Amino acid sequence: MNRTPHPVSAEIHTAQVQRVDLMIAMFERDTVKDHGYRSPAHWLAAATNLEIGECHRIESLAKLLRLEPEVRDAYASGLLDADKARQIAYFCQHYPRTMNPCDFEKARTILIDHARKTVATKATVRALIRRLEHLYSTGDGPPPGEDTTRNELFVSTTLHGRVVIKETSTPSPEHASGTCSHHCRHRGPKRTASQTTGLPSDAPPTPSSNSCSASKPPDSPPSKAV
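For the sequence shown, the numbering used here begins at 1 and goes up steadily by one.
What the hints contain is simulated information worked out from the structure, not anything from laboratory work.
These figures come from a predicted structure and were not determined experimentally.
Incorrect hints may appear among the rest.
To be verified - SDA-like mimics (lysine to any residue), calculated; alpha carbons at most 20 Å apart, straight line:
(1) LYS117 x CYS102
(2) LYS106 x LEU128
(3) LYS63 x TRP43
(4) LYS122 x ALA82
Claimed, not checked - Simulated restraints, written as ranges between beta carbons of each label pair:
(5) LYS63 x GLY36: 31 to 39 Å
(6) THR158 x ASN49: 43 to 51 Å
(7) ARG97 x LYS63: 17 to 25 Å
(8) ASP113 x HIS6: 18 to 26 Å
(9) HIS6 x HIS160: 33 to 41 Å
(10) VAL8 x THR48: 14 to 22 Å
(11) ALA47 x GLN93: 24 to 32 Å
(12) LEU50 x ALA25: 35 to 43 Å
(13) LYS122 x PRO7: 38 to 46 Å
(14) ALA82 x ASP34: 26 to 34 Å
C-beta: ideal position from N, C-alpha, C; glycine also.
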């Protein structure tokens, strides 16, 4: 069963499609920076009342639909909404490497036919995408969740303008040592006991309050209640 949107909703969707097409044209012409904007998202934020986060989402959707004309046509005709079009277009750009072109076209058609139904949601589309990835991940290579070549770094800003970076991969020993040397202060060469205390190097350590071997005072017996 397909969706039959209300005429007002259809007009809103048509305007949203035109906005995405405008963003795609900005990418193809590359004239936004000539007008003083860093990206089409910043131009959209200045030209509308939308927040910069929503403008970046529209910009990312335009980037994906620009590379996937079939998904773009389904979105423009009203068969898909923006979220499901984003999911399918992202899968088309990151499909399993073991999938041949014929199977890729079939998978794209299956996703579009499922997403256009009334019962389809983002969760069901995501589950179908994971099923396709699992079906074609039985060959050579790591599964999609462990494929480091498919991982991406997402950077977002908080309400106060701070940048939030989430690291998903485990750093290598070389990278970890470099990170430690970058954040830790430089510690000079180790000094011997004779240089620090003036005692011979073979002298036994003296107890101190900061030493782990310092004697611990005995615990006082618990007081009895009168």
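Outcome of the hint check:
1. Taking the CA atoms of LYS117 and CYS102, the gap is about 24 Å. The hint is violated against a cut of 20 Å.
2. As the CA atoms of LYS106 and LEU128 are separated by approximately 13 Å, the hinted pair is consistent with the 20 Å bound.
3. Taking the CA atoms of LYS63 and TRP43, the gap is about 15 Å. The hint holds against a cut of 20 Å.
4. At most 20 Å may separate the alpha-carbon atoms for a hinted pair to count; LYS122 and ALA82 meet this at roughly 11 Å.
5. For LYS63 and GLY36, the Cβ-Cβ distance of about 21 Å falls outside the hinted range of 31 to 39 Å, so the restraint is violated.
6. About 21 Å separates the C-beta atoms of THR158 and ASN49, a value inconsistent with the hinted range of 43 to 51 Å.
7. One distance hint, 17 to 25 Å for the beta-carbon pair ARG97 and LYS63, holds here, with the actual separation near 22 Å.
8. Our hint of 18 to 26 Å for ASP113 and HIS6 holds, since their Cβ atoms are close to 23 Å apart.
9. Hint check: HIS6 to HIS160, Cβ distance near 39 Å, so the stated range 33 to 41 Å holds.
10. Checked against the hint of 14 to 22 Å, the pair VAL8 and THR48 passes, with Cβ atoms roughly 20 Å apart.
11. Range check, ALA47 to GLN93: about 28 Å between beta-carbon atoms, so the 24 to 32 Å window is met.
12. Taking the beta carbon of each, LEU50 and ALA25 are about 18 Å apart, not inside 35 to 43 Å as hinted.
13. Between LYS122 and PRO7, the C-beta spacing of about 25 Å breaks the proposed range 38 to 46 Å.
14. At roughly 28 Å, the beta-carbon separation of ALA82 and ASP34 lies within the given 26 to 34 Å, and the hint holds.
Of the hints listed earlier, those the structure fails to meet are numbers 1, 5, 6, 12 and 13, in rising order.
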